[in-house]
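Enquirer: Note that my numbering numbers the sequence shown so that position 64 is 65, with each residue one more than the last.
The hints are simulated quantities; they were obtained by calculation from the structure and are not laboratory data.
This structure is a prediction, so every number in the text was calculated from the model and none was measured.
It is possible that part of the hints are untrue.
What the hints assert, rightly or not - Derived DEER-like restraints, expressed as beta-carbon distance ranges:
| hint | residue 1 | residue 2 | range |
| --- | --- | --- | --- |
| 1 | 481 | 365 | 45 to 51 angstroms |
| 2 | 401 | 281 | 15 to 21 angstroms |
| 3 | 41 | 162 | 17 to 23 angstroms |
| 4 | 281 | 170 | 42 to 48 angstroms |
| 5 | 119 | 80 | 15 to 21 angstroms |
| 6 | 387 | 481 | 23 to 29 angstroms |
| 7 | 495 | 119 | 19 to 25 angstroms |
| 8 | 279 | 387 | 51 to 57 angstroms |
| 9 | 281 | 215 | 48 to 54 angstroms |
| 10 | 73 | 279 | 45 to 51 angstroms |
| 11 | 169 | 363 | 39 to 45 angstroms |
| 12 | 162 | 209 | 43 to 49 angstroms |
Unchecked claim - Derived lysine-lysine pairs resembling BS3-like cross-links, with alpha carbons at most 30 angstroms apart:
| hint | residue 1 | residue 2 |
| --- | --- | --- |
| 13 | 373 | 257 |
| 14 | 301 | 145 |
| 15 | 323 | 140 |
| 16 | 57 | 76 |
| 17 | 140 | 221 |
| 18 | 329 | 60 |
| 19 | 88 | 301 |
| 20 | 329 | 301 |
| 21 | 329 | 242 |
| 22 | 18 | 64 |
| 23 | 145 | 482 |
| 24 | 211 | 242 |
| 25 | 410 | 431 |
| 26 | 431 | 478 |
| 27 | 478 | 49 |
| 28 | 323 | 478 |
| 29 | 393 | 60 |
| 30 | 478 | 297 |
| 31 | 301 | 49 |
| 32 | 57 | 242 |
| 33 | 482 | 430 |
| 34 | 61 | 18 |
| 35 | 229 | 257 |
| 36 | 478 | 24 |
| 37 | 140 | 402 |
| 38 | 35 | 64 |
| 39 | 140 | 329 |
| 40 | 222 | 431 |
The beta-carbon is built from N, C-alpha and C at its ideal position, and this holds for glycine as well.
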Amino acid sequence: MSQVIENVESVCPECFKGEEINKIPAQIVEEDGKIWIEKKCPEHGSFKSVVFADSKLYKKWEKYGEAGEGPENVKPLPFSETQLYDKHKSQSVLTNVFVTNRCNLRCSYCFANSGAEGFVYEPSLEELEEMMRQVREEKPVPSKAVQITGGEPTIRNDLLDIVEMAVDMGFRHVQVNTNGIKLAESGEYCQELRDAGVNTIYMSFDGLTKESNPWIEQNKKAIENLRKAGLGVVLVPTVIKDMNLDQLGDIINYAKENLDVVRGVNFQPVSFTGRITNITEEDRESGRVDYATMIKQIEKDLDGQIGEEDWYPVPFVYPISKLVETVKGERQVEFTPSPKCGGATYAFVDGDELVPVTDFVGVEGLIELIEKESEKSGPMKKIRTGISLMRKVSDYIDEEKSPEGVDIKGLIVDAIRGGDYNSLGDFHKKSLFLGSMWFQDAWNLNMDRLSRCVIHYATPEGIVPFCTYNGLNVGQKIREKHSIPVDEWEEKTGKEMRDDLWDGSPIS
2 MSQVIENVES VCPECFKGEE INKIPAQIVE EDGKIWIEKK CPEHGSFKSV
52 VFADSKLYKK WEKYGEAGEG PENVKPLPFS ETQLYDKHKS QSVLTNVFVT
102 NRCNLRCSYC FANSGAEGFV YEPSLEELEE MMRQVREEKP VPSKAVQITG
152 GEPTIRNDLL DIVEMAVDMG FRHVQVNTNG IKLAESGEYC QELRDAGVNT
202 IYMSFDGLTK ESNPWIEQNK KAIENLRKAG LGVVLVPTVI KDMNLDQLGD
252 IINYAKENLD VVRGVNFQPV SFTGRITNIT EEDRESGRVD YATMIKQIEK
302 DLDGQIGEED WYPVPFVYPI SKLVETVKGE RQVEFTPSPK CGGATYAFVD
352 GDELVPVTDF VGVEGLIELI EKESEKSGPM KKIRTGISLM RKVSDYIDEE
402 KSPEGVDIKG LIVDAIRGGD YNSLGDFHKK SLFLGSMWFQ DAWNLNMDRL
452 SRCVIHYATP EGIVPFCTYN GLNVGQKIRE KHSIPVDEWE EKTGKEMRDD
502 LWDGSPIS
């Protein structure tokens, strides 16, 4: 027996295969303890895709989710008259800048189809500056975090110049998305990235076995080099059910053992777009992983150390932004994505065990306190809020269960009161961030979720939400419009595209 939870809008995946974006009505339904999206195209019939394999977890996450105030210049479909939704509702919390579609690997699941698009997209420094300027001038709040991505950014000889430009433009957080091959080849390059202003490396890391991760030795060498350079890394597994679902606990344990350099693990359940848009339904179902399945697998792998109850959706922390606004007296970037966009938890190491922050902090009560404090007004509200927090935070902390050597009260108060990158960094360095982001594709796309996207691409055609840039192939169209043919690029540079490919040689 199914029950309709919500009426939404989506697209037809079969129309999409024919390069047509056809908006159709859809429903979020509960059936047999799971949450699904169901939709019907007049031409291609009905479609059904899992959203959450656990309706209880879905309902818990759905309790959190404030609508934000989005910028005016977000363009979900720059080349189309189709209007996917009325107005974008969230800010550019993280801006992606796509600097090249060349790549030194050919990963089977690449949602950008990098290195195989049949053209070369590689904006100049001047063009990249103009793209980044769009989000730095964004209203009501400029974007403060940028990810340099591709393709493989380290293929560009001027990546350090791009990083320095981003820093000069005022981005407080600069991270590079990479497969890690070049970082493994050169420790000196890792140091140069840090010196240029990179805060974090966001590195593909699909498992600890050769079967799940053919480049595991290169990943490990890259981490060794990053450790020497003092540059933190977030491990990013693309989770595919029939490829590496059994690796999740091992990845977390590896991160725990390298906590001095690994800042977190951000799991990304596979999205069927880019290189794997046109696979069979059987292959899609054998690879599909939802949040609930992933979280339950982690709980099993870690013998219950991190449980389903320890995870909360991203907008759970929205009140912290409002409190920082109260304390600092200025607008802050707000975490207002849909609860369906992702979730996270933090864990601390206590001996050989991982202890989730929820074991010794009443996080729901603490967030309620923060929300109340953020609503204070009147004279000296900054001082009154700080004093009140110092006095009341202890009510939500169980010191006896707190891991040895962790001043959780101090970390929480400093992070909130400081409200800046350095104060948050202290919290991150003493804990392991565990997160998840499941990007949408044409089978499970929900327009309401899309309208609240907080990860945007700065492009030559404007600011584009992540799940239209990749999930609806808008990025490929933008890149092609602003590209040059491969043979022209080869003649211009004196190189051949195939020379980009890593030759697989051992890295000493």
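Enquirer: Is the hinted pair residue 393 and residue 60 satisfied, with a Cα-Cα distance of at most 30 angstroms?
Expert: 29 angstroms, holds
Enquirer: Holds or violated: are the alpha carbons of residue 229 and residue 257 at most 30 angstroms from each other?
Expert: Holds: residue 229 and residue 257 sit about 18 angstroms apart, inside 30 angstroms.
Enquirer: Quickly compare the C-alpha distance for residue 301 and residue 145 to 30 angstroms and report which way the hint goes.
Expert: Distance of about 37 angstroms is beyond 30 angstroms: violated.
Enquirer: Would the pair residue 211 and residue 242 pass a check requiring their Cα atoms to be no farther apart than 30 angstroms?
Expert: 16 angstroms, holds
Enquirer: Mind checking the alpha carbons of residue 140 and residue 402 for me, to see if they're no more than 30 angstroms apart?
Expert: Answer violated: residue 140 to residue 402 is near 43 angstroms, above 30 angstroms.
Enquirer: Is it true that the CA of residue 329 sits at most 30 angstroms from the CA of residue 301?
Expert: Violated, at about 42 angstroms.
Enquirer: Hint says 15 to 21 angstroms; check whether the CB-CB distance for residue 401 and residue 281 agrees.
Expert: 54 angstroms, violated
Enquirer: Decide if the proposed pair is consistent with the structure: residue 88 and residue 301, CA atoms, cutoff 30 angstroms inclusive.
Expert: Answer violated: residue 88 to residue 301 is near 41 angstroms, above 30 angstroms.
Enquirer: Are the Cα positions of residue 323 and residue 478 separated by 30 angstroms at most?
Expert: 37 angstroms, violated
Enquirer: Does the structure keep residue 301 and residue 49 at a Cα separation of 30 angstroms or less?
Expert: Holds, because 28 angstroms separates the two Cα atoms, which is no more than 30 angstroms.
Enquirer: Does the Cβ pair residue 162, residue 209 satisfy 43 to 49 angstroms?
Expert: 35 angstroms, violated
Enquirer: Honestly, do residue 387 and residue 481 meet the 23 to 29 angstroms range at C-beta?
Expert: 53 angstroms, violated
Of the numbered hints stated above, those contradicted by the structure are hints 2, 3, 6, 9, 10, 12, 13, 14, 16, 17, 18, 19, 20, 21, 22, 26, 28, 30, 33, 34, 37, listed in ascending order.
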